[in-house]
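Engineer: Take a look at the letters that make up each chain.
Protein chains: 2
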Amino acid sequence: MRQSTLFTKTRKNAPADETSKNAEYLIRAGYIYKEMSGVYTILPLGLKVVQKISNIIRNEMNAVGGVEMQSTTLQSKEVWDKTRWSDDVVENWFKTKLKNDTEIGLAFTHEEPMTAMMKNFIHSYKDLPVYPYDVRTIFRNEMRAKSGIMRGREFFWKALYSFSKNKVEHDEFYEKITQAYKNIFNHVGLGDKTYFTFASGGTFSKYSHEFQTVCNAGEDLIYLNEEKCIAVNKEVYNDEVLKDLDLNKSDLKEVNAVEVGNIFSLGYKFSEPLELNYKNAEGVEEFVFMGSYGIGITRLMGTIVEVLADGKGIVWPESVAPFKVHLVLLGEDVEVKNKAEDLYNNLIAKNVEVLFDDRVGLSAGEKFADADLLGMPWRLVVSKRSLEAGGFEIKARNDEAGRIVTENELMSLIS
Amino acid sequence: MRQSTLFTKTRKNAPADETSKNAEYLIRAGYIYKEMSGVYTILPLGLKVVQKISNIIRNEMNAVGGVEMQSTTLQSKEVWDKTRWSDDVVENWFKTKLKNDTEIGLAFTHEEPMTAMMKNFIHSYKDLPVYPYDVRTIFRNEMRAKSGIMRGREFFWKALYSFSKNKVEHDEFYEKITQAYKNIFNHVGLGDKTYFTFASGGTFSKYSHEFQTVCNAGEDLIYLNEEKCIAVNKEVYNDEVLKDLDLNKSDLKEVNAVEVGNIFSLGYKFSEPLELNYKNAEGVEEFVFMGSYGIGITRLMGTIVEVLADGKGIVWPESVAPFKVHLVLLGEDVEVKNKAEDLYNNLIAKNVEVLFDDRVGLSAGEKFADADLLGMPWRLVVSKRSLEAGGFEIKARNDEAGRIVTENELMSLIS
Numbered sequence: 000m001r002q003s004t005l006f007t008k009t010r011k012n013a014p015a016d017e018t019s020k021n022a023e024y025l026i027r028a029g030y031i032y033k034e035m036s037g038v039y040t041i042l043p044l045g046l047k048v049v050q051k052i053s054n055i056i057r058n059e060m061n062a063v064g065g066v067e068m069q070s071t072t073l074q075s076k077e078v079w080d081k082t083r084w085s086d087d088v089v090e091n092w093f094k095t096k097l098k099n100d101t102e103i104g105l106a107f108t109h110e111e112p113m114t115a116m117m118k119n120f121i122h123s124y125k126d127l128p129v130y131p132y133d134v135r136t137i138f139r140n141e142m143r144a145k146s147g148i149m150r151g152r153e154f155f156w157k158a159l160y161s162f163s164k165n166k167v168e169h170d171e172f173y174e175k176i177t178q179a180y181k182n183i184f185n186h187v188g189l190g191d192k193t194y195f196t197f198a199s200g201g202t203f204s205k206y207s208h209e210f211q212t213v214c215n216a217g218e219d220l221i222y223l224n225e226e227k228c229i230a231v232n233k234e235v236y237n238d239e240v241l242k243d244l245d246l247n248k249s250d251l252k253e254v255n256a257v258e259v260g261n262i263f264s265l266g267y268k269f270s271e272p273l274e275l276n277y278k279n280a281e282g283v284e285e286f287v288f289m290g291s292y293g294i295g296i297t298r299l300m301g302t303i304v305e306v307l308a309d310g311k312g313i314v315w316p317e318s319v320a321p322f323k324v325h326l327v328l329l330g331e332d333v334e335v336k337n338k339a340e341d342l343y344n345n346l347i348a349k350n351v352e353v354l355f356d357d358r359v360g361l362s363a364g365e366k367f368a369d370a371d372l373l374g375m376p377w378r379l380v381v382s383k384r385s386l387e388a389g390g391f392e393i394k395a396r397n398d399e400a401g402r403i404v405t406e407n408e409l410m411s412l413i414s
Numbered sequence: 000m001r002q003s004t005l006f007t008k009t010r011k012n013a014p015a016d017e018t019s020k021n022a023e024y025l026i027r028a029g030y031i032y033k034e035m036s037g038v039y040t041i042l043p044l045g046l047k048v049v050q051k052i053s054n055i056i057r058n059e060m061n062a063v064g065g066v067e068m069q070s071t072t073l074q075s076k077e078v079w080d081k082t083r084w085s086d087d088v089v090e091n092w093f094k095t096k097l098k099n100d101t102e103i104g105l106a107f108t109h110e111e112p113m114t115a116m117m118k119n120f121i122h123s124y125k126d127l128p129v130y131p132y133d134v135r136t137i138f139r140n141e142m143r144a145k146s147g148i149m150r151g152r153e154f155f156w157k158a159l160y161s162f163s164k165n166k167v168e169h170d171e172f173y174e175k176i177t178q179a180y181k182n183i184f185n186h187v188g189l190g191d192k193t194y195f196t197f198a199s200g201g202t203f204s205k206y207s208h209e210f211q212t213v214c215n216a217g218e219d220l221i222y223l224n225e226e227k228c229i230a231v232n233k234e235v236y237n238d239e240v241l242k243d244l245d246l247n248k249s250d251l252k253e254v255n256a257v258e259v260g261n262i263f264s265l266g267y268k269f270s271e272p273l274e275l276n277y278k279n280a281e282g283v284e285e286f287v288f289m290g291s292y293g294i295g296i297t298r299l300m301g302t303i304v305e306v307l308a309d310g311k312g313i314v315w316p317e318s319v320a321p322f323k324v325h326l327v328l329l330g331e332d333v334e335v336k337n338k339a340e341d342l343y344n345n346l347i348a349k350n351v352e353v354l355f356d357d358r359v360g361l362s363a364g365e366k367f368a369d370a371d372l373l374g375m376p377w378r379l380v381v382s383k384r385s386l387e388a389g390g391f392e393i394k395a396r397n398d399e400a401g402r403i404v405t406e407n408e409l410m411s412l413i414s
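Residue numbers (numbering that gives the first Met the number 0), protein chains in the order written: chain A, 0 to 414; chain B, 0 to 414.
Calculated from the structure, these hints are not laboratory results.
Heads up, some of the hints might be wrong.
Note that the list lumps identical chains together, so a pair holds whenever it fits in one copy or between two copies.
[Unchecked claim] Okay, derived cross-link-like pairs now, SDA-like style, lysine to any residue, Cα gap no bigger than 25 Å in a straight line:
no., residue 1, residue 2
1, Lys47, Asn61
2, Lys33, Glu77
3, Lys181, Asp100
4, Lys164, Thr202
5, Lys166, Ala280
6, Lys336, Ala400
7, Lys252, Met142
8, Lys181, Arg150
9, Lys76, Glu102
10, Lys268, Val88
11, Lys98, Val333
12, Lys349, Ser199
13, Lys145, Asp245
Make the full structure from the sequences, and use the hints.
Structural biologist: What follows is the structure, given as structure tokens:
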């Protein structure tokens, strides 16, 4: 993509009320735009990141048997009445009304509508297990929203709901999706900072599990055993739990962390009140055993920025970067410009994703500052000086200095 | 995809209150699920259709310079106050409130937020033209919603907004996107029934233009000149307009139609009140000249069903079908089953999209009825009889009878 055709621009400053690093950098670089507190437009470069993260998640969900669908934002009160419609139970509902004054809700999750819908499709043990999932926008009426895209009033997530015959079948899937989650956080570049964390369970399970990424801006406190690669959320940090998990206080480190994913055994919590049952192989009616599994996609994007950015801007891992290469043309010399244009076309022909800074009237310093702020993995400079030195200057975003490569060397390095 | 792993099932009947053909078939076939009137969950097969239509639209939008982004659902009152916040102006707003009692709206369109946002990015004539677009969910609080997914309270659309230096630049783009829209409706199989239609304009243009698909279930009345391939919407059907367009009443046919797309010259309607201006080449401030261009994606899906379905079910054009081939295995014979499994794997290896009806315990009649209802372009039967006759029976959805082909013949026909 030519930077000259991109309507967004880098900014010197984020809005004054924006205190989080992720929002500051993402706004300044033109990835997102703030509509109101906790509500951000995803700009073209940001959408590319959201799509890359979403597709990494989709691949892992499909691999464990997930089937993608798209549930609705508008929610029927009837479906929720038996469980969580009351604002005393769920305080961050957004609600609105139809013209005939019927109250409706805006989706903050989908356990209830999924369970109600599945009554149409699940009747026999032959219909189980099934794993529908959603990649969609979620709405939560947060009292405060000060963490940028790490806690939005409107945000993207992936949510999968599992419907199993019984606890044994459920537990097998729970193991599989735990591994799928680990693959996802490894793939997006947060694997070494993300810990499998024990958190509060419910009626049907001792614990739920969170994936917590160690990060100063995190709103959670966890107690981390680095050697065992597990952690305990503050909410269940007590002697009984530590004993149960065979952990010693002295081996644990208190750190701030961001909950980037969670997995939850729901058991019959929703299938019982909403009467989702099936006939087992013996012809006896049983309730379906459920689980739910979330990943905040925009939160993950914000966490990647928080954890990996440096003083100059964002540092995207290659797996989620909007473009692999930021090709920077310096100067107005026609010969240099032609070389840059050729290189741009050759990279595209090799299916390399390139952002081409073809803007005129900017200094080398301005272009380099923008490249650092935008954070593509590779900066590739074409200038009179680079051509005289025998080619193009390539520099990884995290390296201090670049080096000159020929086009052949470049292609074998990049594509 | 194996049909046995798909959690949806076909149904004998749609909900009793569902009167439209599109919703009846789409619900019975398991493409959508009704949450409430005008609000439908998009099930896995339906999501594939939505994605195919969306990608056809994206390709055409990108080709005319469109850049995709993702705007927000939650809308700030401040942005809309100067134009259309009042329910007297827009009667189908959904509105809700933040915890601090601030009123906010749910997106029914995005001219205002787009215009407000562009003030951050458009300053000079060098920044123009730009063409951001959205593929997203839209919310409209319709009094009645009885046309299935052709008029939803929550629905998918594509909306592009054009920002041009002046009317001349705008008109050039308007021509281009008109052609892009024609390409889209051709591509999804509605080209021969979709007419460029003159409708009411605004302060800055005599007419807007709609793309109307002739269809009995359509809510609009248009006056059609088949020879000239244009139509006039009832709302501007009068002597003056007919004279202006050089049309004679006697050559026009009154028909019902569905508005599947519209294009609109907005001029300064939003840039003036929201103060979106730029410095022209002479250094003089001018307002940006705008346009907007919508296509209802779920409406288009519904219209395809309405227009092309027959008495047995849906008939998808290949371009939007969830799968190209519906592979139907008949009987429980192991040898036949193995042949079908091999064929399934071979088709996938050739990148053919296949839905494999591997369900057991259903009669041939039941499987054929489901295949007709689901509407894939090709039905491919593997049975003892087909193997004895020398191969597999292939039948186009619209053909009465199939014919036997060998695997080689099949592959050259299909892939």
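Engineer: Take the hints in turn and mark each one as holding or not.
Structural biologist: Evaluated hints:
Taking identical chains as interchangeable, the C-alpha atoms of lysine 47 and asparagine 61 lie at most 25 Å apart whether they share a chain (21 Å) or sit on different chains (14 Å). In the homo-oligomer, the alpha carbons of lysine 33 and glutamate 77 lie at most 25 Å apart only across protomers (14 Å), although the nearest pairing inside one protomer, at 34 Å, exceeds that limit. In the homo-oligomer, the alpha carbons of lysine 181 and aspartate 100 never lie at most 25 Å apart, since the shortest distance is 45 Å inside one protomer and 40 Å across protomers. In this assembly of identical chains, lysine 164 and threonine 202 lie within 25 Å of each other by CA distance solely inside one copy; the values are 18 Å within and 62 Å between copies.
Proximity of lysine 166 and alanine 280 under a CA criterion of 25 Å is satisfied intra-copy only: 16 Å inside one chain copy versus 70 Å between copies. Taking identical chains as interchangeable, the C-alpha atoms of lysine 336 and alanine 400 lie at most 25 Å apart only when both belong to the same chain, with a minimum of 23 Å there against 62 Å between chains. In this assembly of identical chains, lysine 252 and methionine 142 lie within 25 Å of each other by CA distance neither inside one copy nor across copies; the values are 30 Å within and 57 Å between. With identical chains, the CA atoms of lysine 181 and arginine 150 are at most 25 Å apart within one copy only, with a shortest distance of 22 Å there and 42 Å across copies.
In the homo-oligomer, the alpha carbons of lysine 76 and glutamate 102 lie at most 25 Å apart both inside one protomer (7 Å) and across protomers (21 Å), since each shortest distance falls under that limit. Taking identical chains as interchangeable, the C-alpha atoms of lysine 268 and valine 88 lie at most 25 Å apart only when both belong to the same chain, with a minimum of 15 Å there against 45 Å between chains. Neither within a single protomer nor between protomers do lysine 98 and valine 333 lie at most 25 Å apart by alpha-carbon distance, with minima of 63 Å and 58 Å respectively. For a Cα distance limit of 25 Å, the shortest separation of lysine 349 from serine 199 qualifies neither inside one copy, at 49 Å, nor across copies, at 48 Å.
In this assembly of identical chains, lysine 145 and aspartate 245 lie within 25 Å of each other by CA distance neither inside one copy nor across copies; the values are 36 Å within and 60 Å between.
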